[in-house]
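Peer 1: Those letters in the sequence shown? Residues 4 to 330, by this note's numbering.
Please keep in mind that the hints were generated in silico from the structure rather than gathered at the bench. Some hints could be false.
List of simulated lysine to aspartate or glutamate pairs, DMTMM-like, C-alpha gap at most 25 Å [as the list claims (entries may be wrong)]: (1) Lys261 - Asp320; (2) Lys261 - Asp243; (3) Lys261 - Glu293; (4) Lys261 - Glu96; (5) Lys261 - Asp327; (6) Lys261 - Glu98; (7) Lys261 - Asp288; (8) Lys261 - Glu323; (9) Lys261 - Asp291; (10) Lys261 - Asp306.
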Amino acid sequence: MTDASPTTADQEAWDGLVLCATCGVEQAGALAAESPAELSEARDDVRRDARSEVLAAVCAICEDDRQWVPADGQRWTTVGELRASGASTEVAELEPNLWAVRVSGGVGIGQHAKILVTEAGNLMVDVPAYIDRAAVDAVVGLGGLAGIIASHPHMYGAQSAWAEACGGASGPVPVYISEPDAGWLARRPANTIVWSGSLTPLTGPAEPTGPAGLPGSPVTASQPGGHFPGSVVVHFSGQDGVGVLLAGDTVGVARDRKWATFMRSFPNYLPLSGAVAQRIAGHLDRYDYERLYDNFSGVISSDASAVVHRSARRHADWAEGRMDHLT
4 MTDASPTTAD QEAWDGLVLC ATCGVEQAGA LAAESPAELS EARDDVRRDA
54 RSEVLAAVCA ICEDDRQWVP ADGQRWTTVG ELRASGASTE VAELEPNLWA
104 VRVSGGVGIG QHAKILVTEA GNLMVDVPAY IDRAAVDAVV GLGGLAGIIA
154 SHPHMYGAQS AWAEACGGAS GPVPVYISEP DAGWLARRPA NTIVWSGSLT
204 PLTGPAEPTG PAGLPGSPVT ASQPGGHFPG SVVVHFSGQD GVGVLLAGDT
254 VGVARDRKWA TFMRSFPNYL PLSGAVAQRI AGHLDRYDYE RLYDNFSGVI
304 SSDASAVVHR SARRHADWAE GRMDHLT
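Hey, can you work out the whole structure from these sequences and the hints?
Peer 2: What follows is the structure, encoded as structure tokens:
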């Protein structure tokens, strides 16, 4: 972890990081030499042409059937352009030892990154599609980071910049990438750790809670798949001793928070099969969990395991035609 605040030089380095303007995932390469102001004033066709010389013609993640390429074509941006256009961050407490990092005025799909604070070190689960000094200062104020883990490729965000910003003198913190999904990485720094099966990303006390009521180790991650073949969930015990599941897009919380859903694509309305929904629910039985957070604002605050199982059965009933008499 780091106890050093970011410098102006850090912000200048982050400003050059290229992101897909639709999904917000970081890219290898650089933009053309024009300043953000010059690019913002350029015609759209010039803007795209300038970028096509140094970047792929299209974002691979957005070209996939889970995402989309805008009707007017691929767009790239940078952290610096977003900052100049007014992007900002908010770090807010969700419950004791669990915080959300939200971005407004930025790009991407609006995910809420989570910061899990533990005695063994802090873990970022899913990554903002933006980084600035205010956000890094806030995370450093919570104790920095010991690692970063994304639930799936849509959540890679600006993970390499966050890893460097929160690594301090020891270098970038580890970025844990699910092996079945590693092919989606556009940037693979040396601190990338590819894993499969299950993972304990933090080391520390074996007790359910550490000193001062902080969650201790193990904080456990596994790969139930579904939304992506390597989709990841993270489990820990809350300060009240109740199990908490950070589900990413593996389980989406319904608006009424009494049900959940299981989707290959949320924006393109493509559901998973009933068998896969029930497989996911079965996989999650390895965990004792009462609360569940998805990677937006969805939370099931009680009896989450029962909600997931009930929802998986309902999903299967509809997907497999047993409810067709209601249509």
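Peer 1: Now, for every hint given, state plainly whether the structure supports it.
Peer 2: Hint-by-hint comparison with the structure:
1. For the proposed pair Lys261 and Asp320, the alpha carbon gap of about 17 Å is at most 25 Å, so the pair holds.
2. Distance restraint check for Lys261 and Asp243: the Cα-Cα separation of roughly 22 Å lies within the 25 Å cut-off, and the hinted pair is therefore satisfied.
3. A hinted pair counts as satisfied when its Cα atoms are at most 25 Å apart, and Lys261 with Glu293 qualifies at roughly 13 Å.
4. For the hint linking Lys261 to Glu96, the alpha-carbon distance of about 23 Å falls within 25 Å, and the restraint holds.
5. Taking the CA atoms of Lys261 and Asp327, the gap is about 22 Å. The hint holds against a cut of 25 Å.
6. Pair hint Lys261 plus Glu98 holds up; C-alpha atoms about 20 Å apart against a cutoff of 25 Å.
7. Simply put, Lys261 and Asp288 have alpha-carbon atoms about 19 Å apart, close enough for the 25 Å limit, and the pair holds.
8. With a CA separation close to 22 Å, the supplied pair Lys261 and Glu323 stays within the 25 Å bound.
9. Distance check on the hinted pair: Lys261 and Asp291 sit about 18 Å apart at the alpha-carbon level, within 25 Å; holds.
10. A threshold of 25 Å between alpha carbons decides the hint, and for Lys261 with Asp306 the separation of about 10 Å falls inside it, so the pair holds.
In summary, the structure agrees with every hint in the numbered list given earlier.
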